[in-house]
Amino acid sequence: MVTEVASCSFDRLELDSGVTLAPVEVAYETYGELNAARSNAILIVHAFSGDAHAAGEGGWWSSMIGPGKAFDTDQYFVICSNVLGGCRGTTGPGSINPETGCPWAMSFPQVSIADMVRLQKMLIDHLGIGRLLTVSGGSMGGMQALEWAVTYPERVASAIPIATTARHSAQQIAFNEVGRQAIMADPDWNNGNYYGGRLPGRGLAVARMVGHITYMSDESMREKFGRKLRTPDQFEVESYLKYRGYKFVDRFDANSYIYITRAMDTFDLTQRGALPTLFESNEARFLLISYTSDWLYPPYQSLEIVKALRGRNCDVAYCNLDARYGHDSFLVEVEQQTEVVRGFLASTFREAAAGA
Amino acid sequence: MRKVYGRRDFAIIGELIEPRTRVLDLGCGEGELLAWLKENKQVDGRGVEMEGARVQKAIARGASVYQGDLESAVEDYPDQAFDYVILSQTLQETRYPLRVLRGMLRVGKRAVVAFPNFGHYSVRLATLLSGGAPRTDLFPYDWYDSPNIHFLTVLDFEALILKQGWKVERRIFVAGERQVTWMPNLMAEIAVFQVSAGAALNHSITVAAP
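Just so you know, the sequences run in chain order A and B.
Residues 0 to 355 (numbering that gives the first Met the number 0) make up the first sequence, in order.
Residues 0 to 209 (numbering that gives the first Met the number 0) make up the second sequence, in order.
Chain A on its own, in the form it takes in the complex (with noise of 0.2 angstroms):
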């Protein structure tokens, strides 16, 4: 597979709060080649904790994103990069302010998730690609493949929104509320200056926890944990939760953890206008794919865009595929979702050649 791990740098972005962030950095990787006509390339975006990594040894979708597989990178050109505000090479709070030479730190503006995408939109032209033949993400993704088929509907020939919804229910921020709490609540964070410092990492660590157990679900729990005891004082899920806590701290700015679940929480599509008017001659294809143990994303959030969709006459298939291991379902319970995918991508892509 043809692999490139890359960066770029803009001038200027402007934000939805009104500030612009200069200059702007982003971090991203592709694989496959691009065709001729350009009209092979494909934007993965990642969810909350992801990064650009996404294909290869460790990558985070690399059970979808490959040779042969649902993204098959012997057809397609695969691009993911690392979004605004998150901490793995695309600018975010702890970025150096050039203004100050230190990091931004709370001192960094808070982003959207159309900030995120507008960004994503400067790389793809950057990469003088016109029309993305889809734009595929779950959870966080998922609203950014929502994003981008709203607000640049002619750049995108379909959409593949997973496990996602156009809005969080309060239940989705109240956890996001209480894995910032547990931060905020460590004194090492410091009001979010702690760069060069003791890491917050035990807010940190009960944040990830708390978030792993949304993630998957009583009955995935029950078969991978039960009551197994680790050490006859600890049970074998205290265990695991802590370790995946703790190796998140490795890899995760926390105060990153506080602006990309805000974007989260503050995502609406429907403070644009009801579903269905957002969607208004929309030509692009979608496929929406809820899991059935989701309970984190249910299937009703997918429902009701897949209802406006259907209420506009657009072109969506939907499917709610039987899975058990909950909202993580996406990532790691990848079969049928890679049989819906090939075959929507397949002839997204034969359709999309006919017509040009």
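Straight-line distance between alpha carbons at most 25 angstroms, and here's what the computed DSS-like set of lysine-lysine pairs gives:
no. : chain 1 : residue 1 : chain 2 : residue 2
1   : A       : K68       : B       : K56
2   : B       : K56       : A       : K306
3   : A       : K223      : A       : K246
4   : A       : K306      : B       : K108
Cβ-Cβ distance ranges computed for the label pairs, FRET-style:
no. : chain 1 : residue 1 : chain 2 : residue 2 : range
5   : B       : K40       : A       : Q270      : 33 to 43 angstroms
6   : B       : T126      : A       : D321      : 36 to 46 angstroms
7   : B       : V167      : A       : M121      : 49 to 59 angstroms
8   : B       : A52       : A       : V209      : 30 to 40 angstroms
9   : A       : M220      : B       : V167      : 52 to 62 angstroms
10  : B       : L159      : A       : W294      : 39 to 49 angstroms
11  : B       : G197      : A       : E279      : 26 to 36 angstroms
It is worth saying that the hints were derived from the structure and are not from the lab.
All values derive from a computational prediction rather than experimental measurement.
Ideal placement from N, C-alpha and C gives every residue a C-beta, glycine not left out.
Start from chain A and add chain B according to the hints.
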């Protein structure tokens, strides 16, 4: 008579549908008919199917299929969004057939309905001779595990269309490999009707202003 994916009703419906039209297939199964229509008639198709495994196969085939209950799904589309709304071998399985037919004529200019004819002589004979619920090639289920919850004949369907003030634009009857023209209520195994709201637009059908 030709078959499409081993089904005569698909072949007949395939012939009825004009090229480059907009089609909604209710109860579309694995999307075979939609794929055939897209390939051969360049239609812009959508489907609705309840069963997940079938929906996955249909989407994998390239069809834009929605996983859901067709009886409520038909309510969500805008008025007159389709040139044809197809219901193949499913009318007898719906809870409220008349409501479904009304919905079809609201969202589509024409409804194409195919159903097994309960008036076929084999069914009548089976009932008469056995004294039990008929089990025939056409209705191969025991009464307790049949998906069919309504049993209708060619005559029943014609009477309903007449009562609603709708118009039968085409009717095609089939038995085995042959088309049936004589005594269809007795001789047809499968009936395919193309229905429009006709001149007598029923008040129960709302049509958007042009």
